[in-house]
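> So the protein lines, in turn, are chains A and B.
Numbering (this note's numbering) for the first sequence: 1 to 176.
Numbering (this note's numbering) for the second sequence: 1001 to 1309.
Some clues are possibly wrong.
[Stated by the list, open to error] Covered stretches of chain B, going by a simulated chain A footprint (3 or more residues, C-beta under 8 Å): (1) 1020 to 1030; (2) 1040 to 1054; (3) 1059 to 1068; (4) 1139 to 1153.
[Said to hold, decoys possible] Just the calculated beta-carbon pair ranges, DEER-fashion: (5) Ala156/A x Ile1070/B: 19 to 27 Å; (6) Ala156/A x Arg1069/B: 20 to 28 Å; (7) Ala156/A x Gly1238/B: 37 to 45 Å; (8) Pro1237/B x Leu164/A: 44 to 52 Å; (9) Arg171/A x Glu1083/B: 44 to 52 Å; (10) Ala1096/B x Trp116/A: 56 to 64 Å; (11) Glu1099/B x Pro159/A: 57 to 65 Å; (12) Ser1206/B x Ala156/A: 21 to 29 Å.
Source of the hints: derived by calculation from the structure; they are not laboratory data.
Everything numeric in this text was worked out from a predicted model, so none of it was measured.
Glycine residues also receive a C-beta, built at the ideal position from the N, C-alpha and C atoms.
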Amino acid sequence: MSFEPIGPTPAARAGKLALLTLPFLVGLVCVLLSFVPVSAIFNADVAPAFGLMAVYYWAVQRPDVFPPYAVFALGLLYDLLSAGPLGLWALVYVVIYGVVLTQRLLFVGRAFTLFWAGFLVAALVSGLFAWGLASLYFGQTLSPWPVLIQMAATVALFPLFAKLFELLQERLLVQG
Amino acid sequence: MIDQTNRPALPIRDVSGRVSLIFMVTLAAALLLLGRAETYVVDQARQIVTDLAAPLLELASRPVSAARRIVESTDQYAYVFDENERLREENTRLLAWKEAALKLESKVARFEALLNVQVDPTIDYVTGRVVGDSGGPFVETFIVNVGSEQNVESGQAVIDTDGLIGRIVATGQRASRILLLTDLNSRVPVSVEPSRARAVLAGDNSASPRLEYVPTNIEINAGDRVVTSGHGGLLPPGLPIGVLIQTEDGFYRVQLYSTRARLGMVRVLQYEFPDEIDLQDPPAILIQDADAEEEGAVVTDPVSPGGGT
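Hey, can you work out the whole structure from these sequences and the hints?
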């Protein structure tokens, strides 16, 4: 066991706090963003699952500051805002987070293409999982296309958001 | 890891992380089962979260709608001449329709006066902006920035410039949720014009809702207009919904007039079912009119009423 020789300065403490809450806050913004009709600008009707990007990114990069209850909270917020089945996306997010955690060493420090490919698989699996759950919940076979289209858009936009997250992460890692 | 001092603690954290992961999975699954019951607590929690998020969503949706306007106006520059031509033609046609509508309006007013029809009270409305888009791939809802402060209540119809889009299912103080006609849970009593066949419009998360409980003894055809029937007393009758189409497997669906991608401003109709309205007298002008006709003794003449008044 090693002990810290002196207490951290207030600035360091603030930096630490920012780092500890950063993934959650980024996830929060992402979840809210998925309810903003962004695609309406181009007369389209797709709402990419921005929250899933945040969950995947931080599960791979910094799971130590992105605990399961933060993931759960993000999913729950999504469910509450969407008026869909309560707990559906919370369950999907937490399960995907758990699965990604077991595989994260595959992606850490590797080429971005691999990281992206991992997200493709994660998005596809969570999309199908959510579709299955929703079909069970409503007691009928729903059309899988809306969720597949959503996931396709999410995967396509992932590099952009991963870059943004990376910038934030680097910024705060310097401070933390 | 970056934080060197935390390194020895990692395995312990790993175990506790796994435990809390399992706990969270269980909790989510439990919520999913519990939520089936649609309890009051769940509804309240939804409403509070929506109310809290609405100002943020509204803030975020402003630049979006501004950007959309820019994209739309650049689009329009490309087609401005064609569009102008089209509008001229349409205007000519509409003027003819206006003539016909005015004639019919006066005719209907006379008939209503003669029969002392109890006219529906005028419907108040409040206009709001859609600030929150659809709630994910399994739910078709919008969040609109008007709430109980503007007397919006559950069950009220929501229309845009083209027709009915859905109804309010939950209200907070400053935000409400619209259940779109396309949602899986949406059921709306409709009537198919001109045969006035009654049916139920049932959403299934696809763009064109199904028409259910179609009577077999009344003929309806693809291309017929579908409007709200007003049965059940929740929605005002006669709101335009869409056009009847027939799918390859023989089922009827309705192509909605309002395409949701165009949504921006919507109107919430504060309709109350007229179950307790006082007996109305015909409008004063029509009474005078009828008196004048009685004096002239041409009441039964079928030609003279109609266009004139």
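> Run the structure past the numbered hints and jot down the numbers of the failing ones, going up.
none
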